[in-house]
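Colleague: The chain contents come next:
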Amino acid sequence: MRRKENIFKNIDWYLVITYFLLVIFGWISIYAAGYKPNVSSIFDISQNYGKQLIWIVASTVLILIILMIDPKFFSALSYTFYAICILLLIGVLMFGSEIGGAKSWFKIGGFAMQPSEFTKIFTNLAIAKYLSSININNKKKYPKLKIAFIIGLPILLIFLQNDTGSALVYLAFIIVLFRDGFFKNTIIIGTVLIILFIVTLLLGKILILQILAGLLLLMTFLLLKKYKKYKKTFFKILGIFAICSVYILSVDYIFENVLQYHQRTRIEILLGKKTDPHGAGYNVNQSKIAIGSGGFTGKGFLKGTQTKYNFIPAQSTDFIFCTVGEDFGFIGALTIIVLFLFLIIRIIILAERQRSKFSRLYGYGVASILFFHFSINVGMTIGLFPVIGIPLPFFSYGGSSLWSFTILLFIFIKQCSKKNELI
Amino acid sequence: MNRQTNSNRKFIIIGIFLFIALIITLKLFYIQVIDKSYKLDASNNVIRHIRQYPARGLVFDRNEKLLICNKPSYDLMVIPNQISNLDTNEFCSLLNISKEQFIEKIEKSKNYSFYKPSVFENQISNKTFGYIQEKLFKFSGFFIQPRTLRDYPIAIAPHLLGYVGEVTNNDIKQDKYYKSGDYIGKSGIENIYEKELRGKKGVKIILVDVHNREKGSFNNARYDTLAEAGRNLYLTIDAELQEYGEKLMLNKKGSIVAIQPKTGEILAMISSPSYDPNLLIGKERSKNYNNLLHDSIKPLINRANTGLYPPGSAFKPVNALIGLQEKVISPNTKFSCQGPESTPIKCTHYHISPLNLRQAIEVSCNSYFWNVFKNIINNPGYNSVRDAYCAWREYVLSFGFNSKFNGDLFSIRSGNVPSADYYDRIYGKGHWNALTIRSLAIGQGEILVTPVQLANLATIIANKGYYYSPHLVWAIDNIYNKYNIDKLKHITKIDSVNFEPVIQGMYDVFEKSEGTAKWYKVKDLSICGKTGTVQNPHGKDHSIFIAFAPKDNPQIAISVIVENSGFGSTWAAPITTLMIEKYLNKTVKRKNVEQRIIDGNLISEN
Chain A
1 MRRKENIFKN
11 IDWYLVITYF
21 LLVIFGWISI
31 YAAGYKPNVS
41 SIFDISQNYG
51 KQLIWIVAST
61 VLILIILMID
71 PKFFSALSYT
81 FYAICILLLI
91 GVLMFGSEIG
101 GAKSWFKIGG
111 FAMQPSEFTK
121 IFTNLAIAKY
131 LSSININNKK
141 KYPKLKIAFI
151 IGLPILLIFL
161 QNDTGSALVY
171 LAFIIVLFRD
181 GFFKNTIIIG
191 TVLIILFIVT
201 LLLGKILILQ
211 ILAGLLLLMT
221 FLLLKKYKKY
231 KKTFFKILGI
241 FAICSVYILS
251 VDYIFENVLQ
261 YHQRTRIEIL
271 LGKKTDPHGA
281 GYNVNQSKIA
291 IGSGGFTGKG
301 FLKGTQTKYN
311 FIPAQSTDFI
321 FCTVGEDFGF
331 IGALTIIVLF
341 LFLIIRIIIL
351 AERQRSKFSR
361 LYGYGVASIL
371 FFHFSINVGM
381 TIGLFPVIGI
391 PLPFFSYGGS
401 SLWSFTILLF
411 IFIKQCSKKN
421 ELI
Chain B
424 MNRQTNSNRK
434 FIIIGIFLFI
444 ALIITLKLFY
454 IQVIDKSYKL
464 DASNNVIRHI
474 RQYPARGLVF
484 DRNEKLLICN
494 KPSYDLMVIP
504 NQISNLDTNE
514 FCSLLNISKE
524 QFIEKIEKSK
534 NYSFYKPSVF
544 ENQISNKTFG
554 YIQEKLFKFS
564 GFFIQPRTLR
574 DYPIAIAPHL
584 LGYVGEVTNN
594 DIKQDKYYKS
604 GDYIGKSGIE
614 NIYEKELRGK
624 KGVKIILVDV
634 HNREKGSFNN
644 ARYDTLAEAG
654 RNLYLTIDAE
664 LQEYGEKLML
674 NKKGSIVAIQ
684 PKTGEILAMI
694 SSPSYDPNLL
704 IGKERSKNYN
714 NLLHDSIKPL
724 INRANTGLYP
734 PGSAFKPVNA
744 LIGLQEKVIS
754 PNTKFSCQGP
764 ESTPIKCTHY
774 HISPLNLRQA
784 IEVSCNSYFW
794 NVFKNIINNP
804 GYNSVRDAYC
814 AWREYVLSFG
824 FNSKFNGDLF
834 SIRSGNVPSA
844 DYYDRIYGKG
854 HWNALTIRSL
864 AIGQGEILVT
874 PVQLANLATI
884 IANKGYYYSP
894 HLVWAIDNIY
904 NKYNIDKLKH
914 ITKIDSVNFE
924 PVIQGMYDVF
934 EKSEGTAKWY
944 KVKDLSICGK
954 TGTVQNPHGK
964 DHSIFIAFAP
974 KDNPQIAISV
984 IVENSGFGST
994 WAAPITTLMI
1004 EKYLNKTVKR
1014 KNVEQRIIDG
1024 NLISEN
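First to last, the protein sequences are chains A and B.
In this text, residue positions in the first sequence follow this note's numbering: the first is 1, and each later residue adds one.
In this text, residue positions in the second sequence follow this note's numbering: the first is 424, and each later residue adds one.
Do not take every clue at face value.
Straight-line alpha carbon distances no greater than 30 Å define the calculated DSS-like cross-link-like pairs of lysine-lysine that follow [claimed, not checked]:
no.	chain 1	residue 1	chain 2	residue 2
1	A	Lys107	B	Lys596
2	A	Lys303	B	Lys596
3	A	Lys146	B	Lys596
4	B	Lys963	A	Lys303
5	A	Lys303	B	Lys488
6	A	Lys51	B	Lys887
7	B	Lys433	A	Lys72
8	B	Lys459	A	Lys357
9	B	Lys433	A	Lys144
10	A	Lys103	B	Lys596
11	B	Lys887	B	Lys974
12	B	Lys433	A	Lys141
13	B	Lys757	B	Lys488
14	A	Lys107	B	Lys599
15	B	Lys1009	B	Lys974
Footprint (simulated), chain A over chain B, 3 or more residues, beta carbon under 8 Å [claimed, not checked]:
no.	region
16	431-437
17	871-884
To be clear, the hints were calculated from the coordinates, so they are not data collected in a lab.
The beta-carbon is built from N, C-alpha and C at its ideal position, and this holds for glycine as well.
Turn these sequences into a full structure, and let the hints steer you where they fit.
Modeller: Next up, the structure:
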């Protein structure tokens, strides 16, 4: 029975406790969201909170299993798992069922399983594996292309399932790449492009072009005196101005033709260009009322009226944060934010301590995915981001989502417990 | 890669994370603590969405006389989880329901939802509304939802106007506009013009406190939407004529269809037995509906649209016109008749013989039209009997028979003009001829037509060869050209010159000594008509009459069918002439004829 003593050895209890705090807080919120005075048992499995209890117990079993497995197992089989996931994603496209407009579910008996949730874990493993295999002694050909392929393939397949939200999550891996030394200027350029896009939509392209032209004139004026010295810089600026102009002129086209109608509408509502409180803006409007009406201390457990009256769609899944905001107020919401930040920063700190590059990069992947989910999900409920249907980790109702985040996190916790070994 | 430089990037990453988390926290702090617009009162006010039902569009007749309007009605709504300290006894006695009923209704609502409002009692009376309105504050969880019901100032034309009822699950599935408890047009005009009549619902969001008191609108009514009233319909119906026709048809089974021949506008469409449209609104609706549905005289059936009859002798003008067009007869062609001894079709009575086309129509001679039909089918110009029959059928179809028309008539039946294939199946290819299908010569046999199609036949003769599809609406709000009138126009395959002798014959039906309707000539009115008597295997013959008037400038074309009444001349002819007299002269002078018809009871006789 030596193994049994060993499985909890060296594991990071801060992470484990934060995890359980979030899961329990999540379950309480699901209970509040689904609460009906005439159904009293918390074990009622016809209700979401009853089912979630089963998922939580199953997650605990999953945790024990992961802690028993040698962490080398995951790094050794990274590519295999990744390949299986890709096959499942292709399979779901052909044989899957549609729930809420996305064809991303396998239905087995009464249960539905979403492979795209689990693909995140194994894509993360595959990225860590690939990047850690690159070093001075082992230069690979076209590393950027290959990494783009590893990330791009699941994005493409999930896009085809019509599940844009889940596909966007893979953008979180950019942070992992950034940490590993990719992108010197790309991040800056990307940020500029996004800001230009939004500002153009808000103010109109003519005005933006005028402002840019004004800046250009100013520059010219300033540089005129030392023309010879700054000749090169001047032409660079001219070039940037030309590229920006073309980009600004094409924003309308991208907005109208690349984005789908509902995505356009959500962005327009977010930017305040359109108000439609009964149509596409309904969710966000109702969700803001729910959270806003919570006030500083909240209305109290089970006392929320917005969530109880079913004003909010998907209130135990994507909009679960409303229940927190309404019943527990700013204090409750802040608690969640602090818990998530603690968890994520703790993961980064632990990742930096790893001797193995594989573990470090995997840890960054975990932190990035969790943060991406957390910020987008909470952001959309308070109108900071457009509505993208992705769950709040450990919180939202649903087995696939809870299990995948649990596995994701505990593979890392297990690796940390062996931080002195080179995995 | 340079590990040392990249390691610094962890600060950038943590920095970005903290920055985004800070923005989220600030936004939360703003909407939860600073911005008061999201706050609901500390006493746990709730917002309630009240559907604003629009007034359904009004319906007028052709002279802008009001046929359907709205009256207010109130539904008592309940939100089960808001009920507290309810004095059940007082509440039940106020609504005049028993405690068992109360429990049943509450259970039903609870099953629907604890938090969403559902109808507890619909269409409460004005009196109850008055009481409840005053005491509503005592009954938390209950509130009043105003809406409108249909009202019929003149109780006429129920088949045509149709009725509204609650939407079914199927309706909700098909059109997302509808929510449970909404009303929808179920039949007639209400159904066909549902989209125009229904208007657009609005929503009013109000705040109420725990005592069910309204605390005002939410967010200064920023999210409220106004209901848009439905659009008004102007029917082609003449309410006075319709009402008169219904009076004439009292206690008789049958129908009257009157059409303005120049436009195809339906002036009156009567189906008898009828019922009071006011029966199908209000709380007793479903009870009354069931009674009507199971009534043995079937008052819910619209016979004018869906009744199928052989046209009988009223069809003879069609065969005459085809004969003339195909040049197998001329207006002067004479055939002889031996009265009841004629073969192969007996004639009903002795009359002058031989006789020409005009006389044949006047006396409705069976032998003459057998000969016409025989000449059409045996026309040597065609290769075979079958080809000649197909040509004959094409002519008949051009009269609008076997068709549902392309106007706005609803649940109409097309009737039947048997195809050559049909006879091939029955008798075998090449084994049938004019004699086999001789019944068609006098409008009997397999041919089936609706009263609307018969009125349309009268229209075609009045117009000498064309018709506009019969329709019921001439304007919606102030848009008068709803129809592209040219699209409704249909031209028959008969040249207008061929109509002259037929019209003369139909004129003689009233004017000449042997005319089958000479007893019902109206002074100073030139009416052209044709009687029909349809053999009915189930009882007394049906009496049919088609007519139009005045002869030289037709203003009304009409068909009348009275079931189980015997000869066409006894019931259908006088009803037709009374309708024409009423429409053209506005008053009826032949009071004795009118009285006999109104008093006539053909239903209890059977």
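Colleague: Does each hint fit the structure? Answer for all of them.
Modeller: Tested hints:
no., hint, verdict
1, Lys107(A) <-> Lys596(B), "holds, 25 Å"
2, Lys303(A) <-> Lys596(B), "violated, 34 Å"
3, Lys146(A) <-> Lys596(B), "violated, 49 Å"
4, Lys963(B) <-> Lys303(A), "violated, 75 Å"
5, Lys303(A) <-> Lys488(B), "violated, 56 Å"
6, Lys51(A) <-> Lys887(B), "violated, 78 Å"
7, Lys433(B) <-> Lys72(A), "holds, 25 Å"
8, Lys459(B) <-> Lys357(A), "violated, 50 Å"
9, Lys433(B) <-> Lys144(A), "holds, 21 Å"
10, Lys103(A) <-> Lys596(B), "holds, 22 Å"
11, Lys887(B) <-> Lys974(B), "holds, 11 Å"
12, Lys433(B) <-> Lys141(A), "holds, 27 Å"
13, Lys757(B) <-> Lys488(B), "violated, 51 Å"
14, Lys107(A) <-> Lys599(B), "holds, 28 Å"
15, Lys1009(B) <-> Lys974(B), "holds, 18 Å"
16, 431-437, "holds (count 5)"
17, 871-884, "violated (count 0)"
The structure does not agree with the numbered hints 2, 3, 4, 5, 6, 8, 13 and 17 stated previously, though it agrees with the rest.
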